[in-house]
Amino acid sequence: MSAATAPAVPAPRLHRSLAEQRRRTLLWGYAALGVFVVLFLIPPFYMVVTSLKSSAEISAEKGNPWIVHHPTLENFRYLLTYPNFRTYFLNSVEVTVLVVLITMVISILAAFSLSRMGFWGSQVLGTGVFLTYLIPASLLFIPLFQIIGKLGLINKVWSLVLIYPTLSVPFCTWILIGYFASIPKELDDVALIDGAGYLQMLWKIFIPVAMPGVIAATIFAFTVSWGQFLYPMAYLYTSNQMVLTVGIVSDLIRGDVFEWGKIMAACVIAAAPPVLLYAFLMDYYVAGLTAGATKG
Amino acid sequence: MAGDTSAPVGVSLAARPAARGVGGVRRLLHRRSTVAFLMSLPLLVLIGGLVVYPAFYAVYLSMLNRHMTAFVGLGNFAFLLRRPTFQMVIFQSSLFAITAVAFKALLGFIIAHLLHAVPGQRQRVLRGLLLIPWVLPLALSTLTWWWLFDPSYSAFNWVLTHLGFRPVPWLGDGWIARFCTIAVNVWYGTPFFMVMYLAALKSVPEQLYEAADVDGASGPQKLVHITLPMLRNIIALTVLFSLIVTFADFDIVRILTSGGPQDMTHVFATYAFQVGIQSGDIPLGAAVSLFMLPILAVSAFVVLRGVSRRSREMAL
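Taken in order, these protein sequences are the chains called A and B. Per the working numbering, residue 1 is the first one in the first sequence, and the count goes up by one each step. Per the working numbering, residue 297 is the first one in the second sequence, and the count goes up by one each step.
Take the hints with a grain of salt, since some may be wrong.
[Unchecked claim] Taking lysine to any residue and the SDA-like style, the derived pairs with C-alpha atoms no more than 20 Å apart in a straight line are:
hint : chain 1 : residue 1 : chain 2 : residue 2
1    : A       : Lys150    : B       : Lys518
2    : B       : Lys518    : A       : Gly29
3    : A       : Lys150    : B       : Val355
4    : B       : Lys518    : A       : Gln21
5    : A       : Lys156    : A       : Asp251
6    : B       : Lys498    : A       : Leu26
7    : A       : Lys62     : B       : Val455
8    : A       : Lys150    : B       : Thr365
9    : A       : Lys204    : A       : Leu187
10   : A       : Lys150    : B       : Val347
11   : A       : Lys185    : A       : Val161
12   : B       : Lys498    : A       : Met282
13   : A       : Lys62     : B       : Leu456
14   : A       : Lys62     : B       : Val347
15   : B       : Lys518    : A       : Thr81
16   : B       : Lys498    : B       : Phe452
17   : A       : Lys150    : B       : Leu360
18   : A       : Lys150    : B       : Tyr353
19   : A       : Lys204    : A       : Phe222
20   : B       : Lys498    : B       : Ile406
Everything labelled a hint here was simulated from the structure, so no lab data went into it.
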């Protein structure tokens, strides 16, 4: 018996030291990750902390700024009754809802057509869609300013509904092409034999099967139109037309009198929708983020 | 995808003259491409009207004089290149983009590696927390950074003075302000790199590492000979994509410094905004924006080649 166990002795020891080594590496990993988490969360933490401070506490400039000495909700109460802020919020909601709807209709139709049906030049268009996605907003905002001016939409919140899809549609179409292309072709044939039209096929088969892609695309369209800053900054200048991003930056910062408690409370409210969406749909969010890389 | 789009195209074109005479199949194919075209029409109108047309319009605009009454050829571009402020904008845009992307790529890689070693549910939670900077609307988080840098009640300076250091004029000094804009961009963009690399790391076959372990390879050796070659494509794509986005950044500089102090932090987008929208010189602003085009075009070309090569590989 001892002869049988003898050769086995060194193995567990080696195993243990390897496990020990792994455990230590992992602990160092946790420590390093902890540092990164703290660094990454400083701004959101400070945003929330400041939003709970009264203007008096902030302007006193005494004590540790990282903690709240007398927490209060007065900033949030102020914002809820401040008509301008309500306008920004409602404008943001209107623009975002419309842009998401428009984006999804355009993208789903185009992605279905480009990935499944095809027509003369559809492959070039597929590549063109990806190329459009790479064009940043800051390249075209000046000619678009002129175009919007000619359409009489300067300082109209509707101009954003017209412009934002140029930022959201290319990426949404691109990832939906990937999802649609991965659906087996046999399904189409079955549907066509059963006498379904193309729109019926899209509605009954493709959208349900590619639902994760549709959700990821919706999240992307939402994030883009909720957080865009350059276009509203360039095209909107009166407070009744503004959306949250510019409204907070340009209206709540009055001259040199910074009402930082209110500004940060406004940021908390404005950041809440995308953060909540992310919290509940994180996997779709990440799928959409990495789709450009892991899908063809 | 390549196969099933090209087939109906060829058939339907050839079938068009004979479609009425021959039976249902060809008519169906013919109709199929028409329906397909109609379904893509909204996309074509959108891209044509609000991307392609404005792009050419920008070129035309950039060749007009300030009041858009006369054609000045490349005069605006020549004027900009002679202007010291604009030379600084070119320098700062390059510095901003290259430094920020390098740090984002490096930090993203390190964090992805650390996360990859963390098991299961805990990895999900940590990834969730580390992705928050990317989720927050950039304009709002930059505003918070500004408040953190605030000279009179700076939260950072409070920490520094309590540790015995002198307070730092974060946004008041040119080079420090440049550092701050880059730091905020790194903070915002690192999670994107992290998620991309993490997804790519998961796709590296575990057997490769096991084989390397058997051969007695060290950690750094595995990194250089397995991980980096396997991730080469995705690293290149992510870096180039981020280079485009970072080069074109507007939000951070606009909110944090508005280009100051002494125009030292201006990048193309914020300078174009100041010249074109705020000072009302539309043609000059359009010219400033167009200076971004060469670098964007080169990056886009490389990204596109990488992406189409990847999709060809996937199709095989």
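To see whether the hints hold, each was checked on the structure:
no.: 1; hint: A:Lys150 <-> B:Lys518; verdict: violated (60 Å)
no.: 2; hint: B:Lys518 <-> A:Gly29; verdict: holds (18 Å)
no.: 3; hint: A:Lys150 <-> B:Val355; verdict: holds (18 Å)
no.: 4; hint: B:Lys518 <-> A:Gln21; verdict: holds (17 Å)
no.: 5; hint: A:Lys156 <-> A:Asp251; verdict: holds (17 Å)
no.: 6; hint: B:Lys498 <-> A:Leu26; verdict: holds (17 Å)
no.: 7; hint: A:Lys62 <-> B:Val455; verdict: holds (13 Å)
no.: 8; hint: A:Lys150 <-> B:Thr365; verdict: holds (17 Å)
no.: 9; hint: A:Lys204 <-> A:Leu187; verdict: holds (11 Å)
no.: 10; hint: A:Lys150 <-> B:Val347; verdict: holds (16 Å)
no.: 11; hint: A:Lys185 <-> A:Val161; verdict: violated (35 Å)
no.: 12; hint: B:Lys498 <-> A:Met282; verdict: holds (18 Å)
no.: 13; hint: A:Lys62 <-> B:Leu456; verdict: holds (15 Å)
no.: 14; hint: A:Lys62 <-> B:Val347; verdict: violated (52 Å)
no.: 15; hint: B:Lys518 <-> A:Thr81; verdict: violated (60 Å)
no.: 16; hint: B:Lys498 <-> B:Phe452; verdict: violated (37 Å)
no.: 17; hint: A:Lys150 <-> B:Leu360; verdict: holds (18 Å)
no.: 18; hint: A:Lys150 <-> B:Tyr353; verdict: holds (13 Å)
no.: 19; hint: A:Lys204 <-> A:Phe222; verdict: violated (24 Å)
no.: 20; hint: B:Lys498 <-> B:Ile406; verdict: holds (15 Å)
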